[in-house]
Amino acid sequence: MPGQGVCLQCGSVLAAESAPVNVHPPRMAGWKKPARLFFRRLRSYRLIPAVSRSRVPSWMKVVSEESFLAVFLSILPGLAHLIQRRFAQVRLYVVLWLVLLFGTLFFYGGFLGQLLFGLAIAVHAYIALQTAFGKELTDFRYRVLSLLLIGLGLLIIYWNAAGLIFRDIAGGYTSVHIPYHRIEAGDYVLARRSLANAENLTRGSLVLAGVGSIGDRWLGGSSRRSYVVAQIIARPGETLEIKEGRFIVDDRVLDPNKCPVPGWLKTRELSVIISENHYFLSAQFQGQGYNDTHIVSVCVVPVGQIEAKAFIRWSPLIRRGFIREIE
Amino acid sequence: MNRFSSLEFDDADRSEKRQSHGEPVRDATYFYKQAQKAWLGADYELALRNYSRALERNTSFFQAWSGQIMMLIEMREYPEAMVWADKALEMFPEHPELLAEKAIACCRDEKFDKAMAYSDNSISKDNVTPRVWLARAEILSKRKSRLAEDCVCKALNIAGNTQNVFCLEAGRILSRGGKYSAALEYLGRAVRDFPKSALAWYELGRCQSKLGFQEAKVSLQEALHLRPVWSPALQELGKVRGRSPLTRIFWRMFGR
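From first to last, the protein sequence lines are chains C and U.
Residues in the first sequence are numbered consecutively from 1, following our numbering.
Residues in the second sequence are numbered consecutively from 328, following our numbering.
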């Protein structure tokens with residue numbers, strides 16, 4: 001009948017659409033051809049099923065469509081989208097996130113590592129915002145606020161996750177210059193907590209240890225108790241002397257390239273017997289005018305205060321490498 | 328001759344005369360015919376473009392939508408063909424031919440359960456077209472069912488004026504299913520109806536080659552004559568030429 005837009009019998013559209021209709025079909029990208037041919041061959045030989053059945057539980061699908069819960073699912077970037085079969089929407093962002101994450105780990109210890117870490121959190125927060133939650137926010141201010149809040153939440157999660165995943169690993173900045181280890185002041189080293197036992201704490205090895213204080217001043221340079229990277233000079237039961245700017249342990253002069261005396265101890269003359277379960281640690285501490293008692297109270301530390309043993313020079317990149325044993 | 332002789336009172340006659348001498352009107356039908364010509368020449372990309380141009384002139388031209396989907400299938404872009412069939416189904420809901428084309432796409436993509444489901448759905452509709460039966464025939468021939476040829480006969484019975492086109496399709500389907508002897512009959516008719524179709528000659532030559540006939544060389548050469556430097560025909564001709572007489576006899580005896 002005139003004016004009828006749709007056929008009453010079969011439902012076909014009769015009238016021309018007022019809105020433009022796209023008449024150009026989607027096309028396959030050239031690189032997909034061999035992949036599709038391969039999977040088609042596998043299907044023809046019944047090596048893979050013809051129809052992939054979704055193994056996602058229905059409750060998870062429901063959760064991925066709820067706004068707040070979808071954000072929780074996005075703790076794993078792209079998971080909510082994957083469940084809803086919309087992963088293609090965020091796949092490039094997920095790849096970017098992975099690249100930034102690996103960059104963070106690779107450049108950890110420097111400014112670049114921190115920058116990449118921040119960007120990784122930002123991208124992750126953006127992916128989380130692309131779920132059902134983000135669709136409900138139309139105002140730009142709310143979106144920015146949500147992005148910041150999600151980013152903050154992710155930062156807390158990343159921090160705790162890193163503590164769990166890398167619980168055996170610790171790190172710190174050195175304050176000494178040790179030519180044998182190719183270490184200079186300010187280098188970042190990684191240490192393993194599992195190596196902080198009597199068997200592995202050999203002379204010359206770098207350790208991460210909690211330092212003490214003299215009066216109200218913490219020699220680590222900050223106003224709180226901190227861990228510093230120090231070098232083991234003398235082990236339990238050994239006699240340590242400092243003479244003419246050199247360490248002498250059990251009447252044996254130590255090579256200054258391997259065990260250099262830090263600046264604040266160079267002009268000192270000292271003789272001490274290291275008690276059981278204690279180690280003499282050498283590091284470049286701040287301040288001056290300390291007497292022997294001060295030196296002993298700071299440098300001779302119990303084994304329990306040694307947190308970890310350094311095994312790799314991480315930063316700067318040019319000197320990245322494993323730390324060799326001296327003995 | 329007077330001053331009134333040049334006045335155009337009878338415009339219809341004059342415009343018809345103008346058209347018969349000049350370029351044809353480039354409407355949807357024109358591009359559809361160009362697309363059909365390109366398909367017969369096995370130039371699927373050009374055919375797809377022409378179907379798109381036909382739709383640009385008339386978006387409710389069903390045969391052009393159907394043609395686009397078939398060209399995507401010919402170019403082995405099966406997921407894209409499915410997407411486009413779904414798009415066409417928005418314009419023509421539950422159209423049996425579109426469902427049949429989805430069945431063909433699934434079948435060629437080795438997803439037989441889905442293909443059968445779409446085919447069952449398309450056959451259950453009213454106004455079943457020949458393509459619905461040909462899709463069924465393709466699925467059944469993949470399963471080595473004898474009912475495939477019955478479906479082909481059914482398709483050609485209801486084809487009417489377009490029987491020649493569906494003859495070629497039927498021959499291709501049977502050839503793809505390995506029934507070369509049965510395909511020969513339909514492909515023979517197709518080359519008589521479309522003597523300038525490179526596709527028809529190629530399919531005929533391929534069938535004859537599988538059966539070990541010497542005529543395969545002639546058919547394939549004809550296809551190359553119509554469409555020079557066409558790689559599938561060149562490859563097939565190479566295979567035919569490289570075959571020993573014993574191999575030819577073997578295929579003649581044991582080819583289906």
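Accuracy of the hints is not assured; some may be wrong.
To be verified - Computed list of lysine to any residue pairs in SDA-like fashion (alpha-carbon distance at most 20 Å, straight line): (1) K360/U x E350/U; (2) K544/U x E512/U; (3) K33/C x E401/U; (4) K441/U x V410/U; (5) K452/U x C10/C; (6) K441/U x S44/C; (7) K452/U x L8/C; (8) K33/C x M402/U.
If you are wondering where the hints come from, they were derived from the structure by calculation, not from laboratory data.
Each hint, compared with the structure:
Distance hint between K360/U and E350/U is fulfilled; the C-alpha atoms sit about 15 Å from each other, no more than 20 Å. Restraint check for K544/U and E512/U: satisfied, since their Cα atoms lie roughly 18 Å apart, inside the 20 Å limit. Only pairs whose Cα atoms come within 20 Å are accepted, and K33/C paired with E401/U is accepted, the gap being roughly 14 Å. Only pairs whose Cα atoms come within 20 Å are accepted, and K441/U paired with V410/U is accepted, the gap being roughly 15 Å.
With a C-alpha separation of about 10 Å, the suggested pairing of K452/U with C10/C holds against the 20 Å cut-off. The hinted pair formed by K441/U and S44/C meets the criterion: a straight-line CA distance of about 14 Å does not exceed 20 Å. Straight-line distance between C-alpha atoms of K452/U and L8/C comes to about 15 Å, which keeps the hinted pair within the 20 Å bound. At most 20 Å may separate the alpha-carbon atoms for a hinted pair to count; K33/C and M402/U meet this at roughly 10 Å.
Violated hints are absent here; each numbered hint is respected by the structure.
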